[in-house]
Structure formats: C-alpha cells, structure tokens
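Chains A and B, in that order, give the protein sequences. Okay, so the first sequence: first residue is 33 according to this note's numbering, each after it adds one. Okay, so the second sequence: first residue is 58 according to this note's numbering, each after it adds one.
None of these hints come from the bench; they were simulated from the model. Values in this document were obtained by computation on a predicted structure and should not be read as measured data. All clues given are correct.
Simulated pairs of lysine to aspartate or glutamate, EDC-like, Cα-Cα distance not exceeding 16 Å:
{"id": "1", "chain 1": "B", "residue 1": "114", "chain 2": "B", "residue 2": "130"}
{"id": "2", "chain 1": "A", "residue 1": "139", "chain 2": "A", "residue 2": "117"}
{"id": "3", "chain 1": "B", "residue 1": "122", "chain 2": "A", "residue 2": "128"}
{"id": "4", "chain 1": "B", "residue 1": "100", "chain 2": "A", "residue 2": "119"}
{"id": "5", "chain 1": "B", "residue 1": "122", "chain 2": "B", "residue 2": "146"}
{"id": "6", "chain 1": "B", "residue 1": "100", "chain 2": "A", "residue 2": "39"}
{"id": "7", "chain 1": "A", "residue 1": "139", "chain 2": "A", "residue 2": "119"}
{"id": "8", "chain 1": "B", "residue 1": "133", "chain 2": "B", "residue 2": "111"}
{"id": "9", "chain 1": "B", "residue 1": "100", "chain 2": "B", "residue 2": "146"}
Residues on chain A that point at chain B, a partial pick, calculated with CB under 8 Å:
{"id": "10", "residue": "77"}
{"id": "11", "residue": "89"}
{"id": "12", "residue": "133"}
Ideal Cβ placement from N, Cα and C applies to all residues, glycine included.
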Amino acid sequence: QTVVTQEPSLTVSPGGTVTLTCASSTGAVTSRYYPNWFQQKPGQAPRALIYSTSDKHSWTPARFSGSLLGGKAALTLAGVQPEDEAEYFCLLYYRDVQSWVFGGGTKLTVL
Amino acid sequence: QVQLVESGGGVVQPGRSLRLSCAGTGFTFSNNDMHWVRQAPGKGLEWVAMISYDGSKKYYAGSVKGRFTISRDNSKNMMFLQMDSLRPEDTAIYSCAKGLMGPLAVTGPLRPPSDFGGQGTLVTVSS
Numbered sequence: 033q034t035v036v037t038q039e040p041s042l043t044v045s046p047g048g049t050v051t052l053t054c055a056s057s058t059g060a061v062t063s064r065y066y067p068n069w070f071q072q073k074p075g076q077a078p079r080a081l082i083y084s085t086s087d088k089h090s091w092t093p094a095r096f097s098g099s100l101l102g103g104k105a106a107l108t109l110a111g112v113q114p115e116d117e118a119e120y121f122c123l124l125y126y127r128d129v130q131s132w133v134f135g136g137g138t139k140l141t142v143l
Numbered sequence: 058q059v060q061l062v063e064s065g066g067g068v069v070q071p072g073r074s075l076r077l078s079c080a081g082t083g084f085t086f087s088n089n090d091m092h093w094v095r096q097a098p099g100k101g102l103e104w105v106a107m108i109s110y111d112g113s114k115k116y117y118a119g120s121v122k123g124r125f126t127i128s129r130d131n132s133k134n135m136m137f138l139q140m141d142s143l144r145p146e147d148t149a150i151y152s153c154a155k156g157l158m159g160p161l162a163v164t165g166p167l168r169p170p171s172d173f174g175g176q177g178t179l180v181t182v183s184s
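Only chain A is shown next, with the shape it has when bound in the complex:
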C-alpha cells in the first residue's frame, strides 16, 4: 500500500520562511507524480494552492511556491503571515494504479 509522508507539524515565526515536504513510499517524487498542495483551516473545506509541482492557481498568494527537493515534493512559504496557520496536504498521482493519494498532512503553527 502506497504511503505519502509529510512532517506532522512545523512551527514558523511570522515573516519567516518554511518548507514542507512530501515523500512517497515508492521512491523519489518526480514531476510525473504531478504534486498538488492544499491548505485547510479548521472547519473549512480544503483550498487548492499548487498543481503540477509548481503551478499556482489564480488565487494562490505569491508567497507560496512549489518545487521538487531531494526526491520529495516541497511547498515553501516565504514571508509567512499569521493567516497561514493551517494544515497543509500534498496530493500525488500514481500512474500504475491510476489514482491520487493524499499525504497525512502538516500542521503549520505560526508563532
């Protein structure tokens, strides 16, 4: 069974920079996994931030960026704002089984 792993929690200071990562139990994450990133605040529906590794939706703030880093998908927040405190989920595509798999989520605290 495929497992997608994220840091359970991270803490960052306002104005700081933080990178969240997303690893696959099958090996290195590449662009062929079409990594997506989502933000979810308590009691709210998820909001899509990044698709296809690094492409932003029209509503995605400029301080969010996606990349591949050391065999993982990565989401970097530069100049973190208090309103960025949320849980972040990555989503990877698995071609062999034609399905998407979410990571377990990273709870980001801005403190």
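Chain B: place on chain A using the hints.
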C-alpha cells in the same frame, strides 16, 4: 462562483448501502471532471474517486474499489457516489470537488481536484 453542495449522508449499519449526491452550480458542470474526497473525524484527507466530464471514465482508490460506484447526470448538474458493503472505516465527511481545468499534459492524466464543496456530508457506519 463555484458552488458544490453534498447531501445523502447519515448513519448506516456495516454491510449496508448509502447513496451520496453532489449538486454543482456556478460553472459548466458538463465540462468538468469531478471528484469525491473524504475526511474521517480528526484525520487527514483521502481521495476516493473521480469521474470524467462525460462519465466515460471512472477511477477509484484501492480502499473503495469494488464497493463504491461514482456516476453523474449532466442534465441535472449532479454527481453521485453509491456506497455498498459499508465498513466502519468508511466513516467520514464526504466532499465533492471540481476537477482542475486544463490540458492533461499540464494537469496530469487525471485532473486533480481544484474547488471543494462546502461542509460535506457525514457518513457514519456503525452498528
């Protein structure tokens, strides 16, 4: 703007069935792939299933394959999830999501979810 409203959840015994619905407005429903995503209470997101814009292609997570069936009625701007042989581990809030628009070369072979519904609908499987 995009509005997605889920309904049909409830309490059901293990082994029984339930049918969820998703109504889409504010966009051209028949042009969009659609997804079901679920979230167990206090847990993370789990992708469940996707149906292509015309209903011709359907994809499922391994955990529900053979038990759940996704379908749509573009004439009514509706999507459905027929859930059979329900298990306690299927207990979750089920949300529908609109698929990302764009060429497959950019989005990936299965267009990912891009706009989620509101509050979702809670399914509780318990005896």
